[in-house]
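Starting from the known structure of chain A, fit chain B onto it as the hints suggest.
Now for the letters of each chain:
Number of protein chains: 2
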Amino acid sequence: MSLIFWLVPISALLALGFAWYFFRQMMAMDEGTDMMKRIATHVRKGASAYLRQQYKVVIVVFLVITVIFSFLAYGLGVQNNWVPFAFITGGFFSGLAGFFGMKAATYASGRVAHACRTSLDGGLRLAFRSGAVMGLVVVGLVLLDVSLWFIVLNIFIPETFDGYQLMTITAIMLTFGMGASTQALFARVGGGIYTKAADVGADLVGKVEAGIPEDDPRNPATIADNVGDNVGDVAGMGADLFESFAASILATALLGAAAFMGYGLDVQFNAVVAPMLIASLGTLLSIAGVFMVRTREGASQKELLRSLGFGVNMSAGLIVVASFFILYFLNLPNYLGLWGSIVTGLLAGIAIGQSTEYFTASAYRPTRKIAESSQTGTATLIISGVGTGLISAAVPLFIIVVAITLSFLFATGFTFDMGSLNYGLYGIGISAVGLLSTLGITLATDAYGPIADNAGGNAEMCGLGAEVRARTDALDALGNTTAATGKGFAIGSAALTALALLASYFEEVRMMFVKFLDRPQELINGTPAIDAEFIDFVHHYEVHLMNPKVIVGILLGVMAVFLFSGMTMNAVGRAAQKMVDEVRRQFSSIPGIMDRKAEPDYARCVSISTKGAQQEMMAPSLIALLIPVVVGLLFGVPGVSGLLLGTISSGFALAIFMANAGGAWDNAKKYIEEGHFGGRGSEGHRAAINGDTVGDPFKDTSGPSLNILIKLMVMASVVTVGLAVSYAMF
Amino acid sequence: MSLIFWLVPISALLALGFAWYFFRQMMAMDEGTDMMKRIATHVRKGASAYLRQQYKVVIVVFLVITVIFSFLAYGLGVQNNWVPFAFITGGFFSGLAGFFGMKAATYASGRVAHACRTSLDGGLRLAFRSGAVMGLVVVGLVLLDVSLWFIVLNIFIPETFDGYQLMTITAIMLTFGMGASTQALFARVGGGIYTKAADVGADLVGKVEAGIPEDDPRNPATIADNVGDNVGDVAGMGADLFESFAASILATALLGAAAFMGYGLDVQFNAVVAPMLIASLGTLLSIAGVFMVRTREGASQKELLRSLGFGVNMSAGLIVVASFFILYFLNLPNYLGLWGSIVTGLLAGIAIGQSTEYFTASAYRPTRKIAESSQTGTATLIISGVGTGLISAAVPLFIIVVAITLSFLFATGFTFDMGSLNYGLYGIGISAVGLLSTLGITLATDAYGPIADNAGGNAEMCGLGAEVRARTDALDALGNTTAATGKGFAIGSAALTALALLASYFEEVRMMFVKFLDRPQELINGTPAIDAEFIDFVHHYEVHLMNPKVIVGILLGVMAVFLFSGMTMNAVGRAAQKMVDEVRRQFSSIPGIMDRKAEPDYARCVSISTKGAQQEMMAPSLIALLIPVVVGLLFGVPGVSGLLLGTISSGFALAIFMANAGGAWDNAKKYIEEGHFGGRGSEGHRAAINGDTVGDPFKDTSGPSLNILIKLMVMASVVTVGLAVSYAMF
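Residue numbers (the numbering used here), protein chains in the order written: chain A, 158 to 887; chain B, 158 to 887.
Okay, chain A solo, but in the shape it has when bound:
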């Protein structure tokens, strides 16, 4: 084990240590008045209750899958006896990250509201550092799990053939991502349904029917709504990016082991640890970045945004420099080209963020046009949002196309020659790692959003003064902007990660193939053997576009995406319906709610959302888990390959369409509320509220759930590759 590797566990421990430090720092703050404490406790209890319930379901699912995995002696990947353990730790660590992140967020929000009673800067720093707990726990636990497994497997897996050890180790480690994916699936789908059932239910009865404002304590669903922000936007988002972070590192490690096999063990080892080291450096820079975020009292929204941006951009800028030195030090062949791939990934992330902002912020034409179309009613507003959302999906697709083309070409020295394929795929993988390297701080800005939102809710419910409310509003508005770009980032990184995973899927198939033929020396890249081997491989598995099994696979991949998002969409509708009924029931059967003489039954709404989410998340989740296995058993590797490409491409597009349309409707409403096109209370405003409600499940349930779908389906295919290779019906 080379010395430099130890940077990975050290960064992991540092990240966890600083997370603990920020958490203690936050816990030491005052939570404010009794009323504030009571509200915060309500939210905290609701969130914990939900998480407990969700983990119960997830544990059962994990047990079932683990048992199945244990019996599928020959059906799994290269070293199937390790798979169940890797699977479980992935799920466990991801769950742990969600648990800590949400604990921090729910303890923080009341304290942030209280801090805002004194100063804006205090509020911002507290909210942001509490968000950083989530960010650092996620990256810390990923790096910890990666390093532990890497150490253990290096001890247990023997070297049978030059370079085969690292291929086997990285192939096993990849299945750790399957656990994280499965955990993330339930977190995103369940959390997404929870939060929007509560939100839509609270809005429809509270705002529209009863005419009381957002976060009014008289609304029985208001606590559930605040809980929803935490389980959806904190725990769900965290699990999603935990998975992307882990999978991009692990897939790239495998691709590195494959690309540099036959270059000597040192070079191969360096190629394997390169993604881990880049992620570690990015983590250290994220910690530094967190300390750079501060602002002055009375700062404008622009200044607030700039102060957040300063921390994020500093980390990103420094990782560009740091990764150059790492690659230089590792002395990989064509290290300059690989550095180009990393920079490409980072630039792609920024470009996708910019495009998200352009299509969803009311400062730009598209959202203003949508707001304008409210003047002819809800229907034209919806048409306009759908049209713009569809167009907006084209831009990130184009960015990803440019990014994978460039990162491939940089890594191969500007050729598409198939002899260089493996270097190019490694380039794509490492560009995903580059994009995600500073996740520690990016995720902090994401988790900051719901904390600020909840702080605002707390301030509103406790009737804090107008000055305090103005400060929490400023923080909240900032959170909406970071939420939109955060979603773009999550989807973009999911797409790049999924493509890297897809490449490693092919690598695993190739390993199965040569294992099957007992010719491991043919795994070596860059030798004449690869060419014949490769033709054999393509011909043997017929993963070409003339094969109807591939075409069928692509169609089924698109089918899975549409089915899954339709089901999650309808799930929100049904769960929200139950919430509407409950809120209506409380308004009519509990006398005195409206004149604040009686407290509504918050807990019942929380439990309705929890149950609704649990019931509704099962069917779409099972589809996501089963389709790759079934397609593999029917149509083998060609079918699965097509399936994954169909899922990734259409899932990515649909996810962006949904996230951007939802974000644009949200901001079009806010733009009108600022006094444009008739302002609050006008007919146009009513149309915009409808648009915003339609957008809720778009942007917070179905859209983000698709991130997981595209990654999980590749993961499930990677893990069950042996089934498709050995037992395919056709």
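Keep in mind that the hints were calculated from the coordinates and are not lab data. C-beta: ideal position from N, C-alpha, C; glycine also. Hints are supplied without guarantee of correctness; some may be wrong.
What the hints assert, rightly or not - Calculated pairs, DSSO-like style, for lysine-lysine (alpha carbon to alpha carbon, straight line, at most 30 Å):
hint : chain 1 : residue 1 : chain 2 : residue 2
1    : B       : Lys827    : B       : Lys459
2    : A       : Lys202    : A       : Lys768
3    : A       : Lys735    : A       : Lys768
4    : A       : Lys364    : A       : Lys754
5    : A       : Lys768    : B       : Lys526
6    : A       : Lys735    : A       : Lys364
7    : B       : Lys194    : B       : Lys735
8    : B       : Lys526    : A       : Lys364
9    : B       : Lys735    : A       : Lys827
10   : A       : Lys364    : A       : Lys202
11   : A       : Lys459    : A       : Lys827
12   : B       : Lys768    : B       : Lys202
13   : A       : Lys754    : A       : Lys202
14   : B       : Lys202    : B       : Lys260
15   : A       : Lys526    : B       : Lys364
16   : A       : Lys364    : A       : Lys768
17   : A       : Lys735    : B       : Lys526
18   : B       : Lys735    : B       : Lys768
19   : A       : Lys526    : A       : Lys827
20   : A       : Lys735    : B       : Lys827
21   : A       : Lys526    : B       : Lys735
22   : A       : Lys754    : A       : Lys735
23   : B       : Lys364    : B       : Lys194
24   : A       : Lys754    : A       : Lys768
25   : A       : Lys213    : A       : Lys768
26   : B       : Lys194    : A       : Lys364
27   : B       : Lys768    : A       : Lys526
Unchecked claim - Across the chosen pairs, the derived CB separations fall in these ranges:
hint : chain 1 : residue 1 : chain 2 : residue 2 : range
28   : A       : Glu624    : B       : Ile747    : 54 to 64 Å
29   : B       : Glu830    : A       : Tyr521    : 34 to 44 Å
30   : B       : Ile747    : A       : Asn470    : 51 to 61 Å
31   : A       : Tyr521    : B       : Gly836    : 41 to 51 Å
32   : A       : Ala367    : B       : Glu831    : 29 to 39 Å
Claimed, not checked - To spell it out: a stretch of chain B is covered by chain A in this simulated footprint if at least three of its residues, at any positions, have a beta carbon under 8 Å from a beta carbon of chain A; those stretches are:
hint : segment
33   : 527 to 538
34   : 546 to 552
35   : 559 to 567
36   : 576 to 589
37   : 726 to 736
38   : 801 to 814
Just chain B now, with coordinates in the frame of chain A:
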């Protein structure tokens, strides 16, 4: 030329003859009162004006493309000197079909309204037979063009190598479909924008703001709305299916020439004419079917539907029997299997129709659930429609997957072995021909819809009695049902046709490849040469899924679909906005419109819709034409292959989502209007009207335009295959 081939031109002439006969029969009927004549003339003039305007634009586009084709001496398909001529005739015949079909429809509607003054049966028969004019002209002109070209090319193209003549002829003939595609693109996109701009504009100001009923003569946009039904649903639908009919026959002919090369010239010839003969027999059976449609006075909607269904089903049932005998007579190897493929195609068509009906008719749960969600407002109604629409897209995808798998397996004798690939692809092609064979009568039921709709409009505007109105309403309601299933049929057949076209694209690439290598004998299937050749081919063009160019292509294909549908969606929004402004202007500036003392300026609204459609159709159309060429020049055959698969798969799914969501909202509104969930005038009804308006561009503009997009992009790739093969940058 074998004797049996002459059945094709004879069927063509018979179809055209009967079209002429039905047209004369219709023209001989009385058009009713002066007022009825005046209204009908308004609509007729508007439709002609639009078509003239559109043809002007299309002629320019055709000239430009033809000139480009003439200069691309080496950039086109196998025999590039014929391409420009084939391209032009395809466009010309398609345009002619649209012209005659719309003439018949616009002459018919007033007469149908008048016929309904006497009897329901008279109205139904007249409307249906006038629709049959469109159906028979379309299939007649396709078969005429196909036979003329086949005869001419058989004279001019020499036999250079056994079986190479027919491959060359069919490859040239395929480019005839490119002309039809281009014509169809403008007809669908332009017509789709026209009809919904008028419809949305008329509804928003007339129904919602002014509170006057549908088709009220006081609404200035009402004539434009009626014109729109003709240009969108008659001319647009006709051009769409003209293209599918032509392309499925021509692609299958090429696939037949390729699959049965080396089997002797007789067998190859029979394989080439088989799709033409099946289409011819289907056409003869369609004529017979038209005569079977009749009903009794006071028939219920169910009976009306049954009488239409009787004609359609009889034709479809008989083609199953007839195609067996044709294949038996042609004595193709494995004719039983091929017959299985045809039956599969027919059953897939029926299954897709059933699924469309299930998801869009108010007799079933999904639409009733959507109607129910109107009780909590517009937002939940939209969410529910989007959710159900997304799910509904999964079903036809699954049906198509089963259909292509089975038709492939039937044709190969139940193997996916790549040595049998060409037989399987021929099987997929011939299943598409089977699905479309009775297009003559299916299209008659489609064109019937807008004729009945316009007859109702005429009756309403002329204030005919309640009894007449009841009859036209019955016919119109029937038209709505046939329209929904017609859309499902159009999309399903477009998908199967596009897949057959994709297979022929690969065939053309293979031809370019062997031409390039000067080894035409290697085109022969079923010999050991194919295997080596095939590996060479896959390896040379790298059309496998590990190639990043393929992946990039797939992503770009999905991008094209989202961009195109977003643009058409926004185009409707903008054009409708202009219509809204104009109608508002007329209401306020022309005194006496409301108390029927002054006639509104219908012509101005017609001209606004015309101009709007013309302006808005250019950008999306250019994208559809240019993307395949640009991707070919950048990423070559692998990029284009991926592009086409991405476009077909996601375009198909999005088209069905849009068509079904739109149809379900439409019928949910009608269900509420029947008195459910509060009925007319309730809050729920208002929500349902909003849903219906959102659905308008979904189901009548963007959705159907995607049918063309997926076919046209394959066509454009087929025609410019030489560019991708010879000039690709990477």
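The hints, checked one at a time:
no. : hint                            : result
1   : B/Lys827 / B/Lys459             : 17 Å, holds
2   : A/Lys202 / A/Lys768             : 15 Å, holds
3   : A/Lys735 / A/Lys768             : 10 Å, holds
4   : A/Lys364 / A/Lys754             : 20 Å, holds
5   : A/Lys768 / B/Lys526             : 22 Å, holds
6   : A/Lys735 / A/Lys364             : 17 Å, holds
7   : B/Lys194 / B/Lys735             : 29 Å, holds
8   : B/Lys526 / A/Lys364             : 24 Å, holds
9   : B/Lys735 / A/Lys827             : 26 Å, holds
10  : A/Lys364 / A/Lys202             : 25 Å, holds
11  : A/Lys459 / A/Lys827             : 17 Å, holds
12  : B/Lys768 / B/Lys202             : 15 Å, holds
13  : A/Lys754 / A/Lys202             : 23 Å, holds
14  : B/Lys202 / B/Lys260             : 10 Å, holds
15  : A/Lys526 / B/Lys364             : 24 Å, holds
16  : A/Lys364 / A/Lys768             : 24 Å, holds
17  : A/Lys735 / B/Lys526             : 15 Å, holds
18  : B/Lys735 / B/Lys768             : 10 Å, holds
19  : A/Lys526 / A/Lys827             : 13 Å, holds
20  : A/Lys735 / B/Lys827             : 26 Å, holds
21  : A/Lys526 / B/Lys735             : 15 Å, holds
22  : A/Lys754 / A/Lys735             : 25 Å, holds
23  : B/Lys364 / B/Lys194             : 25 Å, holds
24  : A/Lys754 / A/Lys768             : 29 Å, holds
25  : A/Lys213 / A/Lys768             : 12 Å, holds
26  : B/Lys194 / A/Lys364             : 53 Å, violated
27  : B/Lys768 / A/Lys526             : 22 Å, holds
28  : A/Glu624 / B/Ile747: 54 to 64 Å : 56 Å, holds
29  : B/Glu830 / A/Tyr521: 34 to 44 Å : 40 Å, holds
30  : B/Ile747 / A/Asn470: 51 to 61 Å : 59 Å, holds
31  : A/Tyr521 / B/Gly836: 41 to 51 Å : 42 Å, holds
32  : A/Ala367 / B/Glu831: 29 to 39 Å : 31 Å, holds
33  : 527 to 538                      : holds (count 6)
34  : 546 to 552                      : holds (count 6)
35  : 559 to 567                      : holds (count 3)
36  : 576 to 589                      : holds (count 4)
37  : 726 to 736                      : holds (count 6)
38  : 801 to 814                      : holds (count 7)
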